[in-house]
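**Student:** Here is how the chains run, residue by residue.
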Amino acid sequence: MTERIHHCGPQARRYLISLKANTRTGARMHAEEIVRLAVFADIHANRQAFTACLDSARARGAERIICLGDIVGYGADPEWAVETVMDLVKNGAIAVIGNHDAAIGAASETMNAEAQAAIEWTRGRLSAPQRRFLAELPLKHPDGDRLYVHSEASHPARWHYVRSTSDAARSIEATAAHVTFCGHIHKPALYSMSSAAKMTNFIPTSETPVQLLNGRRWLAVLGSVGQPRDGNPAAAYAMFDTTTREITFCRVPYDVVAAADRIRANGLPHWLADRLLIGR
Amino acid sequence: MVKPAIVEGTQLDGFTVGECVHRGGMATLWTVTHPGITVPLLMKVPRVSEGEDPAAIVSFEMEQMILPRLAGPHVPGCFGTGDFARQAYVVIERIAGQTLYSRINELPIPYEEARLIAGRVATALADLHRQNVIHHDVKPSSIMFRPSGECVLIDFGLSHHNLLPDLLQEEFRLPYGTAPYTAPERLLGVRDDPRSDLFSLGVLLYFFTTGVRPFGESETLGGMRRRLWRDPYPPRQLKPDYPPWLQEIVLRCLEIDPVWRHPTASQLAFDLAHPDQVKLTARSERLKRDPLGTVWRRRFNGGITQPKPKSDVAVQLASGPIVAVALDTEDGSGPLNECLRMTAAHLLATLPSSRLACINVLKLGRITIDRTLDEQGNNKHIDRLVALRHWASPLELDESRLTVHVLEAVDPAAAILEFTGINHVDHIVIGARRNSMLRTLLGSVSAKVAAEAACTVTVVRPPRLATAMAQETAGG
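Protein chains in written order, with numbering that gives the first Met the number 0: chain R, 0 to 279; chain G, 0 to 475.
With the rest of the complex left out, here is chain R (with noise of 0.2 Å):
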């Protein structure tokens, strides 16, 4: 689990006010427990995508933030997206690592060479301080009961993908989770096994809340904050609901153009910025 430091920066105070001011406090029966969380993975340095979310989480009243990692790699503001999160977790968010996040620290051979380029180049322009934060972030983080983590729960530092409803299984076997939360693969999807272990799948349809039914266990599996590939270029991520124990899976237009013309700026990979307008 990862260690809070009780310190507010002014961006990150900025967050916990205005959050605070949209809660419904006669809704809760304990004034300390949190029900609205924002779930957000991918971001993938997409500065203007992730600044979107977070304003749309807010305006949804979200009380606590998850960021299920891969902050880093691909997009133009690394040292500003790694920064927010490193804020927001000091104000009670929970982050967990992604593969391109410890990438930076460990060079991994499985990367494809657009990955890569970026990777190297990232890893040029963090601190000290933020390479360190992105290197102790957890593989995964159980929160009551619900796990967050970046790829998939049966071998979270192994980043498989979730590709089918077999892949689910074996994740959500490997875990007692009730909801597990992860994204890497920037498809959203739904999956539940039910108690004879028999597999749905779904792919969720944005702004319907669905019940995550008790009898049944789940996979949540999040679309990208910064570089959706469902073919939906707007930034996804999702609102869950600890008492109805709804999900939301939510999509923002941002301004793509905009993260597309830093990522062309910086000299990366032409592709990474192509890829944000056709969200492929």
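Worth flagging that the hints you see were computed from the coordinates, not collected in a lab.
All C-beta atoms, glycine included, are put in the ideal place defined by N, C-alpha and C.
Incorrect hints may appear among the rest.
[Unchecked claim] Just some of the chain G residues that point at chain R, by a computed CB distance under 10 Å: (1) N161; (2) D165; (3) L166; (4) Q168; (5) A317.
Using the hints, position chain G against chain R.
**Tutor:** Frame of chain R, contents of chain G only:
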């Protein structure tokens, strides 16, 4: 897992349990009361103890997800749910009276009564489909009626919600449902086609009008699979007096490939509401089942058994709207009618499953007694129908997509609004007359329709001519 047993007098989340009114294979039903709720209530409790059918659990989960999201008069209101962590239940509005199953010993019932019943069920299905839900268990025992006559669909345990995970998708090897009413595509694992409900309603209509189930009562998968290639006996073979329009509707509902059924439940309801306008095809005359050659081709050449991409309920419904064009047949309306035809043609070209209802209002005087015949002795009503068909003929629509209606009314706007409301028209196309003394005095029909219609309204004006601009602007 030890669960508190539900007995009379149990208190649960503010509900007080009364008597047990039904013990079924999947669930028990109890009357309940709640201090804040005045409608009569029922609590449905799934049977989930050791050795029970696992389908009971999944069906309950589906109802738990779907019921709270449904609204309107065609579903029971939902007042609370509880999950398996403590005590699984749903509390719904108790609909008074019996299900349609209570009529099963009176079959066959008169054609006219069956038409009215099926029309109400189709209207309810249309409303359900618009809410992204396919019922998947349409049968007499899941159909009830409110005292006002509206059909209420109950039992959503096998339903599919287009925007929610389908918990039944891979649960069972056999397609769960009620065998005699199950659509052929369901046997292939297709759960996202709303026209499956139209098939089930067709089975019900066949059964209620002939007294015979079209595909028998076989419960085995092999017996059920026959409907993938074998068509039922045409009702006229069983009952020589069977009306051709009814056979047309029933056999269209029972088409093996959903593509050949009515595109939407609204369109089926429309046909049932206007039997005289049903386009009769070879189906309506058929006295025998398809020859064996056809059956064998269906059986061994694939056809419906070819895999199809997943369909989207909302997209499918949107591609089959009912479009109504309100036309004036008076002298001088030619240019405007030309524009209306062009607008209609554009709409219909993009929506291949849509249908067009051409309507004209025969205005009645408020005081005078109107004569059906004009000065020359021609029947005004029939003249108008002929004029409407003439207007539509350049559209070259298939007869099954076109209907014409002359409404007799004192207030044309009110008549158009009533017709489009009752028939669930999705889009009204209406012309706006140019400024005239009449419009100034009586108000504009199109303005009233546009303001008060429950659906999309397109108001069409002829292209503006340069000379007419000043006048048009001045008149607003």
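**Student:** Taking the hints in turn, state whether each one holds.
**Tutor:** The hints, checked one at a time:
no. : hint : in the structure
1   : N161 : holds (8 Å)
2   : D165 : holds (6 Å)
3   : L166 : holds (5 Å)
4   : Q168 : holds (6 Å)
5   : A317 : violated (16 Å)
When held up to the earlier numbered hints, the structure conflicts with hint 5 and nothing else.
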